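**Q** Listed below are the residues making up each chain.
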Amino acid sequence: MKKDIEKIKKIDVQVVEDIAVGAALLGTGGGGDPYVGKLMAIQALQKNGPVELIDVENIPDDALVVPVAMMGAPTVLVEKVPSGKEIFKAFDNLQSFLGKEVYAVLPIEAGGVNSMIPIMVAAEKKLPLVDVDGMGRAFPELQMVTYHLYGVSATPMVLADEKGNSILLHTISNFWTESLARNATVVMGGSVMIAIYPMTGKDLKRAGIRNVISYSVQIGRVIREARKKGEDPIEALLEVTGGYMLFKGKISDVQRRTTGGFVRGEAHIDGIDQYKGEAMTINFQNENLIARRNGKVVATVPDLICTVDAHTALPITTEGLRYGQRVFIIGIPCDKKWRTEKGIETVGPRYFGYDVDYIPLEELNRG
Amino acid sequence: MEYRIGIDVGGTNTDAVLVNENMELIESVKVPTTKDVSSGIFEALNKVLDKSNIDRKKIKYAMLGTTHATNAIAERKRLCKTAIIRIGKPATEAIAPLVGWPKDLVEAVGNHYYLIAGGNEFDGREISPLDEDELGKIAKEIKGKVESVAVISVFSPVSNKHELRAKEILQEVLGEIPISLSHEIGSLGLLERENATVLNAALVEVARTTANSFKDALKREGLTEATVYLCQNDGTLMSIDYAMRYPILTIACGPTNSIRGAAFLSKLENALVLDVGGTTSDIGVISQGFPRESSIAVEIGGVRTNFRMPDLISLALGGGTIIREENGEIKVGPESVGYRITEEALVFGGKTITATDIAVRLGLAEVGSKEKVKDIPLEFAKRAHAKMQEMINEAIDKMKTSKEPQPLVLVGGGSIIVADEVHGVNEIVRPKNFGVANALGAAIAQVSGEIDRIYSLSDMSREAALNDAKQRAINEAIKAGANPESVDVVYVEDIPLAYLPGNAVRIRVKAAGNLI
Numbered sequence: 001m002k003k004d005i006e007k008i009k010k011i012d013v014q015v016v017e018d019i020a021v022g023a024a025l026l027g028t029g030g031g032g033d034p035y036v037g038k039l040m041a042i043q044a045l046q047k048n049g050p051v052e053l054i055d056v057e058n059i060p061d062d063a064l065v066v067p068v069a070m071m072g073a074p075t076v077l078v079e080k081v082p083s084g085k086e087i088f089k090a091f092d093n094l095q096s097f098l099g100k101e102v103y104a105v106l107p108i109e110a111g112g113v114n115s116m117i118p119i120m121v122a123a124e125k126k127l128p129l130v131d132v133d134g135m136g137r138a139f140p141e142l143q144m145v146t147y148h149l150y151g152v153s154a155t156p157m158v159l160a161d162e163k164g165n166s167i168l169l170h171t172i173s174n175f176w177t178e179s180l181a182r183n184a185t186v187v188m189g190g191s192v193m194i195a196i197y198p199m200t201g202k203d204l205k206r207a208g209i210r211n212v213i214s215y216s217v218q219i220g221r222v223i224r225e226a227r228k229k230g231e232d233p234i235e236a237l238l239e240v241t242g243g244y245m246l247f248k249g250k251i252s253d254v255q256r257r258t259t260g261g262f263v264r265g266e267a268h269i270d271g272i273d274q275y276k277g278e279a280m281t282i283n284f285q286n287e288n289l290i291a292r293r294n295g296k297v298v299a300t301v302p303d304l305i306c307t308v309d310a311h312t313a314l315p316i317t318t319e320g321l322r323y324g325q326r327v328f329i330i331g332i333p334c335d336k337k338w339r340t341e342k343g344i345e346t347v348g349p350r351y352f353g354y355d356v357d358y359i360p361l362e363e364l365n366r367g
Numbered sequence: 368m369e370y371r372i373g374i375d376v377g378g379t380n381t382d383a384v385l386v387n388e389n390m391e392l393i394e395s396v397k398v399p400t401t402k403d404v405s406s407g408i409f410e411a412l413n414k415v416l417d418k419s420n421i422d423r424k425k426i427k428y429a430m431l432g433t434t435h436a437t438n439a440i441a442e443r444k445r446l447c448k449t450a451i452i453r454i455g456k457p458a459t460e461a462i463a464p465l466v467g468w469p470k471d472l473v474e475a476v477g478n479h480y481y482l483i484a485g486g487n488e489f490d491g492r493e494i495s496p497l498d499e500d501e502l503g504k505i506a507k508e509i510k511g512k513v514e515s516v517a518v519i520s521v522f523s524p525v526s527n528k529h530e531l532r533a534k535e536i537l538q539e540v541l542g543e544i545p546i547s548l549s550h551e552i553g554s555l556g557l558l559e560r561e562n563a564t565v566l567n568a569a570l571v572e573v574a575r576t577t578a579n580s581f582k583d584a585l586k587r588e589g590l591t592e593a594t595v596y597l598c599q600n601d602g603t604l605m606s607i608d609y610a611m612r613y614p615i616l617t618i619a620c621g622p623t624n625s626i627r628g629a630a631f632l633s634k635l636e637n638a639l640v641l642d643v644g645g646t647t648s649d650i651g652v653i654s655q656g657f658p659r660e661s662s663i664a665v666e667i668g669g670v671r672t673n674f675r676m677p678d679l680i681s682l683a684l685g686g687g688t689i690i691r692e693e694n695g696e697i698k699v700g701p702e703s704v705g706y707r708i709t710e711e712a713l714v715f716g717g718k719t720i721t722a723t724d725i726a727v728r729l730g731l732a733e734v735g736s737k738e739k740v741k742d743i744p745l746e747f748a749k750r751a752h753a754k755m756q757e758m759i760n761e762a763i764d765k766m767k768t769s770k771e772p773q774p775l776v777l778v779g780g781g782s783i784i785v786a787d788e789v790h791g792v793n794e795i796v797r798p799k800n801f802g803v804a805n806a807l808g809a810a811i812a813q814v815s816g817e818i819d820r821i822y823s824l825s826d827m828s829r830e831a832a833l834n835d836a837k838q839r840a841i842n843e844a845i846k847a848g849a850n851p852e853s854v855d856v857v858y859v860e861d862i863p864l865a866y867l868p869g870n871a872v873r874i875r876v877k878a879a880g881n882l883i
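Protein chains in written order, with my numbering: chain A, 1 to 367; chain B, 368 to 883.
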């Protein structure tokens, strides 16, 4: 079982480093390189001081809260570094359209870049950050959030690019939002900033996944501390997440292809040590989706399938997978909100095109 | 018969070799590396020529692999004051140039940076037109204040037009000042490419003096017919003109030369290479005859960059590594007697037990006097050697890319300490002349061309994109001096870009060929 999460109250520069590692792990291979996002968050914190992290329970029911994020290709973001103003344009335009002060901001997902953007906004706008998100991991599409499961609309939302363009979207469904916003992102240059899913404190209490930021910090911290003390960071990671060791091996092949704007592919891993002679295959679409050991499914989306470096326990993104890396594959149970009929319909293996039933990680790895 | 000379500067020794046109080794020498690096190079050159006694006019090529650039960055010395011009505004304003650089290095290159409008999108469209007026103003402002310029435009690996135009405008005002363009230096990843481009610009003067003093030394020795090349870190060569434009590419050419030399000596196209020096060992991989490249961001002088580097694991184990017993446990290094091995090791009459002494005691190697190590207890020697071997086994395993056993080529003066059995290795090759594999690697090097760019597959097939990329790489190689008939594509990688429709793909290709 996963350890109780130690809630933190304040985000400073050291905490940002831990979040970057923890969120990249929860990103299950997606979310891109955190470097640019981390630099922006650190600059904002150095300029404005630490950010207050608040519990969902402390938000008034009628308060307005807004998730802020980057949308598009992380590979574009590392080349076309943001102006730093686009996220505030998205935020300000949405706020003025709604005609109501935003009480707090929050992340939409855990992952390299999108854990950092809300910290930067909170620091600059002097707003609290809510210890919550809509995935408890990372997913590739806008409707893949628990807010969607509870009927919260993604729109009105605002997309803004660095050139000064912004778009205010109203749609009839969250699927339309994904499709319109995705195409607008390409036209705007492949990487935009968004303010999305504006909702009340009451909705967030029902629909959000709680304490995710504290959880990221805790994951980043145990890995950092174990490495510093010369202890086994993998052991510490499994303990803090209640995760399952699914495999240890060496990547023997990675295949990638682009379909519908996403990188799909699979990684083949040959077992080492206690898994010698065995093989694992992982299917991914930006994020890791299905893990099979010797042909048998041992974990599927929405449960978390995390690839970490065998020595450092640092997470590896699907873009960073290379021949010859030695990795551990760790399975972590997803939030129970995903384990509902609508949850599995939205983010289960069949949504991603796999003819596989969702069976919880714990059942697949019993005994 | 025509000849070529190869010189490689290592941490302990500077090696020089003379080979003939059939690539047969005629002569080799080793001299200690000097603090200024250059005088060691001149001495090695002088000695190898003296020993060989051939007509110096028949030496057609002289190749130098040197550590001048690496040392200049490490010591923050002789670096050019550099203006940094980043094109992309309003994009990129969130993070200023030189963020994350060590303070003393920022001071060494000066803190002159400018952000101007321009740059491209991932598909080649303009973010905004290049602000030529602003560029003209900047040129006037920096005139006389800087010795070198670095120009970095957003998505220049996709479209280099703004960088090329910026160069024209700057040259109109500044004349023949060296200008480093980022699309020629690094790949996607603006901050890392910018860092590499600034380091490159700052190294221009170091490259110029290094190349000129080498040319002068060759003239003094009567090598009037020799064309001079510098080695780069992918195992290929640069002309002097090219090296003065891209000095950063010389960084880490030493280990690369060893890997290429090992490939040449063993005639293996795919193998692991263990290069054992006096203090450390490097393990690299030969893939299609070239060193495998590292896929992660690499730090140079404390700065994060993304230009290509060989994929290496370094190990604190060499011929001079000190072996001792502490509390009943055997310790291997990391201290080493280094170049003093010929005085301090037991086999040479010294008083320190080194890795070489252990190898001699166990009959694995014959150097110095076997008599002098007979007092090392056999049990101790066996345990020490097991430990050394364990270090090697582990490092080798880390570098392997498949479970299939692979051949291992042993080179470097210290490689005598390695036993004939290494885990996961099906064949150990100890080529003749293993001690000067690095200088041989320099002497036999080819020339290459490389491209790294993004293609949109909405209006062309993947096949067409790959072919276009290959042709561009081949053209680059020919431009660098390769014989068109000998050019081969040696490396191809394509990575689809995530989270976007429109099928953009990043393609990297390298082509290499023999010198004309």
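Just so you know, these hints were derived from the structure itself, not from any lab. There could be a bad hint or two in this list.
[What the hints assert, rightly or not] Okay, derived cross-link-like pairs now, DMTMM-like style, lysine to aspartate or glutamate, Cα gap no bigger than 25 Å in a straight line:
| hint | chain 1 | residue 1 | chain 2 | residue 2 |
| --- | --- | --- | --- | --- |
| 1 | A | K205 | A | E235 |
| 2 | A | K3 | A | E363 |
| 3 | A | K47 | B | D471 |
| 4 | A | K228 | B | E666 |
| 5 | B | K507 | B | D490 |
| 6 | B | K698 | A | E278 |
| 7 | B | K749 | B | E711 |
| 8 | A | K229 | B | E757 |
| 9 | A | K126 | B | E460 |
| 10 | B | K397 | B | E588 |
| 11 | A | K125 | B | D826 |
| 12 | B | K837 | A | D253 |
| 13 | B | K698 | A | D232 |
| 14 | B | K528 | B | E501 |
| 15 | B | K754 | A | E266 |
| 16 | A | K47 | B | E474 |
| 17 | B | K754 | A | D253 |
| 18 | B | K765 | A | E278 |
| 19 | A | K163 | B | D490 |
| 20 | B | K425 | B | E666 |
| 21 | A | K228 | A | E363 |
| 22 | B | K765 | A | E363 |
| 23 | A | K229 | B | E761 |
| 24 | A | K276 | B | E788 |
| 25 | B | K448 | B | E588 |
| 26 | B | K765 | A | E235 |
| 27 | B | K698 | B | E710 |
| 28 | B | K444 | B | D403 |
| 29 | B | K414 | B | D583 |
None of these values were measured; they are calculated from a predicted model.
**Q** Given the hinted pair B:K425 and B:E666, is their alpha-carbon gap at most 25 Å?
**A** Between B:K425 and B:E666 the Cα gap is close to 41 Å, so the pair fails against 25 Å, i.e. violated.
**Q** Would you check the hint for B:K754 and A:E266, treating anything up to 25 Å between C-alpha atoms as holding?
**A** Roughly 38 Å separates the two Cα atoms, so the pair is violated.
**Q** Decide if the proposed pair is consistent with the structure: A:K228 and B:E666, CA atoms, cutoff 25 Å inclusive.
**A** holds (21 Å)
**Q** Is B:K414 close enough to B:D583, meaning Cα to Cα at most 25 Å?
**A** holds (16 Å)
**Q** What's the verdict on A:K126 and B:E460, does the C-alpha distance respect the 25 Å limit or exceed it?
**A** holds (21 Å)
**Q** Given the hint that B:K507 pairs with B:D490, does the C-alpha gap stay at or below 25 Å?
**A** This hinted pair is violated, its Cα atoms lying about 33 Å apart.
**Q** If you draw a straight line from the CA of B:K765 to the CA of A:E363, is it 25 Å or shorter?
**A** violated (34 Å)
**Q** For B:K444 and B:D403, compute the direct alpha-carbon distance and say whether it is at most 25 Å.
**A** holds (12 Å)
**Q** Do the alpha carbons of B:K528 and B:E501 lie within 25 Å of each other, as the hint requires?
**A** holds (17 Å)
**Q** B:K698 and A:D232 were given as a pair; does the straight-line alpha-carbon distance stay at or below 25 Å?
**A** Holds, at about 23 Å.
**Q** Between A:K125 and B:D826, is the straight-line Cα distance small enough, at 25 Å or below?
**A** Violated. A:K125 to B:D826 sits at ~43 Å, over the 25 Å cutoff.
**Q** Would you check the hint for B:K837 and A:D253, treating anything up to 25 Å between C-alpha atoms as holding?
**A** holds (23 Å)
Going through the hint list in order, the structure does not satisfy hints 1, 5, 6, 11, 15, 17, 20, 21, 22, 25.
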